[in-house]
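Asker: In terms of the numbering used here, the sequence shown has 229 at position 229, counting the first letter as 1, and numbering is strictly consecutive.
Please note: incorrect hints may appear among the correct ones.
Each pair of labels, with its calculated beta carbon distance range [stated by the list, open to error]:
no., residue 1, residue 2, range
1, Pro64, Gly220, 50 to 58 Å
2, Met193, Gln45, 35 to 43 Å
3, Gln77, Leu236, 32 to 40 Å
4, Phe224, Arg67, 40 to 48 Å
5, Arg42, Gly163, 43 to 51 Å
6, His154, Asp103, 15 to 23 Å
7, Thr39, Arg7, 39 to 47 Å
In short, the hints are calculated from the structure, not lab data.
Every residue gets a Cβ at the ideal spot worked out from N, C-alpha and C, and that includes glycine.
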Amino acid sequence: MVQKLDRDRFATVLFAPESAREKLFALYALNVELANIRTQVREPQAGLIRLQWWREVLDGGRDPEARPHPIAWAARQLPLVGADFEPLLTARENDLEPAPFADLAAVEDYARATAGCLARLACTLLGTDGHRAAETVGTAFALVGLARAMAFHHGTGWSALPGGAKADQAANRAALAPITARAAQLLDEAQAMAYPRAALPVLLAGTLARRYVQVLAAAGGDPFDSAVSRPRPMPLRLLWHSWRGRF
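Full structure from sequences and hints, please.
Answerer: Structure representation (C-alpha cells):
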C-alpha cells in the first residue's frame, strides 16, 4: 500500500535499517488509511465513526475486528500507545469539517499535527533522537504536499488555502505562495538543528520537500501544472544526501 499510495515515504524507508522497515511501513500504511477517510465518506458523521474505530483499535480495543485487518493489527504491534496517535486522529477529524483554515498559522498547525506528528513517531520507531528536527521537516513536507495536491483537493471541494479556494487561478497562486515560502523556511530551520544520522530515514523527506518547492517555483507557483503533482521519489538524490548525512 505504501509503495503505491505514498511513494515518497516508501523511498525514505529504504534508507532505514532492515529491522525498522516493517514498523515504518506499518506506521505509514496507517497514515494512508486515516488520510483517505475524508474522500471515502459522504457524511462527516460516517468519517467520525471510522476515526473513533481507529482510536479504539490503537488504544488496544476491538480485538475481534482488528485481528483480521492487516493494517490495524500491524499498527497495534508498534511500540507506541494510543495517545501517541491522538494529534493525528484529531487532525483527521478536522478534515471532515467544511470550514476553511482561518489563516496560514492554522494550515501550519494542521501540517504539524499530521505529517509532523507522523515524523516524530517514525523517529521513535527508529529508536533515535532528532524528534524536533523530524517534526519540523514533517511539517514542511506536509505544507509542500498540500500545495502540490491543490488540484486534486479542488476537485473534492476541500482546500488547504486560508479562507478556502479563490475565484481565479491567479488568486489561488497568490494565496499558495506563503504556504510554500513557510515550508522552505521550516526546512532551513530544521537544517540548523542538531540531529543524529540515525534519524535520516525520516529527515530525507526534507530533501524531497525542498525539490518540490523548486518544482513549484519553476511552474510559476501554479499547482495545476502537471509537473507539480507528478511523484518524484528521486532515489539518486536521496542516496547522495544519505551518504553526506544531511538532508
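Asker: Going through the earlier hints one by one, which of them does the structure break, listed in rising order?
Answerer: Numbers 5, 7, in rising order.
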